[in-house]
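Colleague: Now for the letters of each chain:
2 protein chains.
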Amino acid sequence: MNLIQHLDYLFNPRSVAVIGASNIPGKWGCDILNLLLTRGERKVYPINRNRSEVLGVKAYGSIGEVPGSVDFAVITVSGEALPAAMEDCVRKGVKTALIITGGFSEVGGGGAEAEREVVEIARRGGIRFIGPNCAGHLNTSAELFTAPYLPSMREGPVSFVSQSGNLGLVVLAMGYEAGLGFSKYISSGNEADLHFEDYLEYLGQDEKTGVIIGYVEGFRESRRFLELAGEITRSKPVVIMKVGCTDCGATACRSHTAALSGSDDICDAAFRQAGVIRVDEVGDLVDTALVLLGQPLPRGRRVAVLTVGGGLGVVAADALVRHGLEVPPLSPATMERLNALLSGRWSRGNPVDTSGDISYPCLAPLLEDENVDAVLIAGPVWAPSGFSAFISTPPWERDNLADLEKMVRAVEEESVSNLDATMELMKRYQKPVVLSVWVDSRVKDGELYRKLWDNCLTPYPTPDKAAKALARLVEYSEYLGVATGS
Amino acid sequence: MNLIQHLDYLFNPRSVAVIGASNIPGKWGCDILNLLLTRGERKVYPINRNRSEVLGVKAYGSIGEVPGSVDFAVITVSGEALPAAMEDCVRKGVKTALIITGGFSEVGGGGAEAEREVVEIARRGGIRFIGPNCAGHLNTSAELFTAPYLPSMREGPVSFVSQSGNLGLVVLAMGYEAGLGFSKYISSGNEADLHFEDYLEYLGQDEKTGVIIGYVEGFRESRRFLELAGEITRSKPVVIMKVGCTDCGATACRSHTAALSGSDDICDAAFRQAGVIRVDEVGDLVDTALVLLGQPLPRGRRVAVLTVGGGLGVVAADALVRHGLEVPPLSPATMERLNALLSGRWSRGNPVDTSGDISYPCLAPLLEDENVDAVLIAGPVWAPSGFSAFISTPPWERDNLADLEKMVRAVEEESVSNLDATMELMKRYQKPVVLSVWVDSRVKDGELYRKLWDNCLTPYPTPDKAAKALARLVEYSEYLGVATGS
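If you read the protein sequences in the order shown, they are chains A and B.
In this text, residue positions in the first sequence follow this note's numbering: the first is 14, and each later residue adds one.
In this text, residue positions in the second sequence follow this note's numbering: the first is 14, and each later residue adds one.
Among the clues, some could well be false.
For identical chains, the list gives no copy identity; a pair is met inside one copy or between any two copies.
Said to hold, decoys possible - Taking lysine-lysine and the DSSO-like style, the derived pairs with C-alpha atoms no more than 30 Å apart in a straight line are: (1) 71 <-> 249; (2) 71 <-> 419; (3) 478 <-> 457; (4) 105 <-> 56; (5) 440 <-> 249.
Hints were generated in silico from the structure; no laboratory data involved.
Taking the hints into account, I'd like the entire structure generated from these sequences.
Modeller: So, in structure tokens, the structure goes:
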């Protein structure tokens with residue numbers, strides 16, 4: 014059985030045992046069992062020495078007593094009981110496991126020894142496992158969840174390996190809000206057996222995974238990582254937040270997952286060579302995945318900025334240049350077309366500041382311009398319609414209300430159809446159109462926002478965030494040779 | 014009448030005229046009039062040549078026909094009609110004005126000339142004005158709003174001058190969400206008459222203003238700005254996002270507000286000398302104001318990181334060091350106290366990773382440690398309680414439900430009382446406690462979040478954001494000599 018076949022038992026097991034099953038909410042053995050029992054369709058066996066039933070389901074005193082075969086065991090027992098539990102798994106012929114239990118190499122000394130013992134037992138029995146000291150994993154398409162306390166989540170092409178379970182939750186939560194759908198997630202814990210490189214290999218060939226993101230404190234097999242990444246990034250992007258670049262972070266890493274973190278500059282250069290997109294803030298993992306999923310690959314660094322208000326254009330241009338992109342002059346033909354569309358007060362250059370005129374009609378001329386590889390639309394605030402705000406306040410002129418509501422609806426319908434047309438244009442010209450606008454939570458239920466969210470076109474809150482994400486996309490496009498650096 | 018007295022008529026006028034008053038929602042002359050009529054208590058006079066009533070209120074054909082005196086005029090008429098409108102204001106003895114109308118120096122050529130003409134008329138008549146090409150202003154304590162399309166807003170100590178009205182709206186919206194209350198806001202437009210430095214001088218002496226934030230594309234009087242700032246920052250912080258630092262941004266600035274932007278490095282050094290906190294991302298304006306309002310000034314750079322999960326601590330430590338702060342070893346006494354509080358699995362160092370143990374009891378020992386100037390608490394995700402999520406799913410064991418709900422309530426009550434105790438500790442030791450946790454919008458109605466929000470202790474979404482904000486606070490504290498740099 015090769016690695017890929019083996020890991021399939023982790024993500025698509027036909028039967029799961031929970032060793033350490035419990036009835037007490039808040040305990041891993043209860044919360045994970047609950048997830049397994051309420052989602053997906055597979056055999057689930059609670060293992061508990063003292064109870065014949067857990068969460069209303071027949072429980073077994075040991076995994077050996079389970080009648081059928083067990084593909085995958087979730088182990089939540091205490092550290093002392095772990096070696097015996099793993100021995101039981103070996104005897105039972107379990108293929109894969111996930112060990113929640115902590116207190117091993119991350120605490121040093123005897124913990125590291127105990128961890129080695131468990132690895133040895135598993136190796137002998139041909140069991141591959143996640144953890145120990147991890148916080149679960151998931152595969153949305155199989156409805157398999159062993160990570161409790163998950164935020165809202167939907168299925169999609171992002172797979173995520175995190176060397177921190179807590180940070181993993183933050184990224185999953187931020188990702189959902191930004192519109193990311195996830196395929197697989199692994200909180201890899203101490204990586205005593207399976208480690209980042211193994212998951213990367215699996216996700217690289219996984220058809221449901223379109224973008225791989227990772228939080229990494231250290232690599233066990235740097236060379237293998239770079240070789241794998243160099244291959245995978247040819248067809249799917251890999252975005253990694255690698256920390257431990259300061260002395261202090263490195264020390265914290267060691268006590269967290271016992272990972273060895275390398276020199277930061279070397280890491281940067283190696284990542285670049287392998288086409289890995291490195292980010293340095295947690296939010297960038299999400300921002301970058303979003304732009305990779307929602308946008309076509311640009312063919313160069315030249316960005317047209319389109320805005321209704323000057324300052325937003327200034328911030329966008331500033332950030333684009335700071336991140337290595339260009340804000341070039343527009344072609345004379347484009348200038349002419351914009352002159353015909355806009356009032357005399359527009360900025361007459363790039364950034365295109367319409368001075369309040371509607372900006373949507375400018376999009377096609379900009380995308381058609383040969384000097385333009387991408388468009389960044391910098392909008393201000395998207396709150397409940399100005400019209401509705403108006404409706405709610407004035408005590409007079411109530412006669413106009415019906416008309417106003419009609420206007421609001423008409424504006425919203427027009428926006429949705431403009432969005433459809435924009436997506437059509439992006440496809441036709443194969444150029445990204447990245448949007449920044451601060452979105453009030455009260456409009457997130459609307460059709461327009463939903464459509465943006467569903468298509469990974471969710472707006473960035475500020476122009477500088479949009480510019481940074483676009484710069485990562487250009488970086489990847491240049492690596493692939495789609496964009497030619499200038 | 015000195016500048017301060019003059020500007021008082023802008024922020025506390027007893028009577029306002031809207032020249033260009035309109036009945037058509039979406040037009041500035043309608044939306045601003047609506048704001049003035051529905052908020053605050055003062056005389057409001059719509060001026061409209063063709064209507065005897067606007068929004069149900071008696072209108073006047075010209076400002077000259079208004080029976081009483083007029084302190085402040087909002088002018089929304091077209092560019093061609095502007096000089097005559099300003100002449101009318103002079104004849105009427107108006108003290109101050111705000112000109113929404115655009116199409117002046119920001120479009121170059123004849124626009125600049127027309128602008129100079131309006132300035133001349135105003136100067137002759139002793140009128141000081143905001144704009145042209147601006148998007149309004151506000152003073153919450155006077156319930157005066159001339160900026161339509163505002164997001165939610167509450168009164169508070171932040172005052173904000175923005176050389177972009179659209180960017181201003183983004184910052185106001187982000188600020189509200191983060192818990193900032195605003196006192197005054199000015200969209201300063203082209204600054205043909207009153208400019209950034211004038212507003213700064215006013216806000217510097219304004220008792221309701223505790224923190225000044227600004228978005229600046231260029232200064233008209235750099236020297237005066239630095240002198241003023243140097244004085245003001247001794248007693249209240251000034252945070253500025255100064256753009257135009259790249260060639261491209263500088264070009265965009267010129268076409269936006271006709272401001273001249275200076276060399277970036279010089280700007281940086283001058284800001285530092287004057288104690289001005291410079292930020293380079295839009296969101297940092299809000300993040301920095303928040304930490305300045307919610308936290309005491311730290312006496313040094315040494316930060317203890319407290320977390321329930323390793324990766325969050327690693328990210329925090331990494332970001333702290335990247336931003337120039339330190340994550341020092343804890344004193345032996347603190348180590349002993351933490352050993353007594355935490356299970357054997359804690360990290361035994363700084364960052365303090367409790368490995369899942371409740372972290373609140375560690376706060377007092379950390380704040381008492383003489384090696385620690387501030388604490389950064391790095392939490393994961395704050396979503397609807399894990400217990401509630403559990404309640405919603407399992408089909409069995411319903412007997413426990415009442416108990417579970419009691420547990421949820423007990424946890425929430427305990428959290429609120431822990432927060433009270435934490436604020437007490439912060440006050441006693443005069444050390445900042447900055448929190449990072451990703452907050453799901455569904456918990457934002459709860460008592461705990463509300464209390465954090467009300468006290469400017471709103472959590473940062475990720476540890477790196479919290480670290481960056483804390484670094485700004487230390488920077489300011491060092492400038493004031495409260496913190497001693499190391």
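Colleague: The structure should be examined with respect to each hint, and the outcome stated for every one.
Modeller: Now the hints, each set against the structure:
no.	hint	in the structure
1	71 <-> 249	neither (44 Å within a copy, 66 Å between copies)
2	71 <-> 419	between (59 Å within a copy, 28 Å between copies)
3	478 <-> 457	both (19 Å within a copy, 24 Å between copies)
4	105 <-> 56	within (15 Å within a copy, 86 Å between copies)
5	440 <-> 249	within (19 Å within a copy, 51 Å between copies)
Checked against the numbered hints listed earlier, the structure breaks hint 1 alone; every other hint is satisfied.
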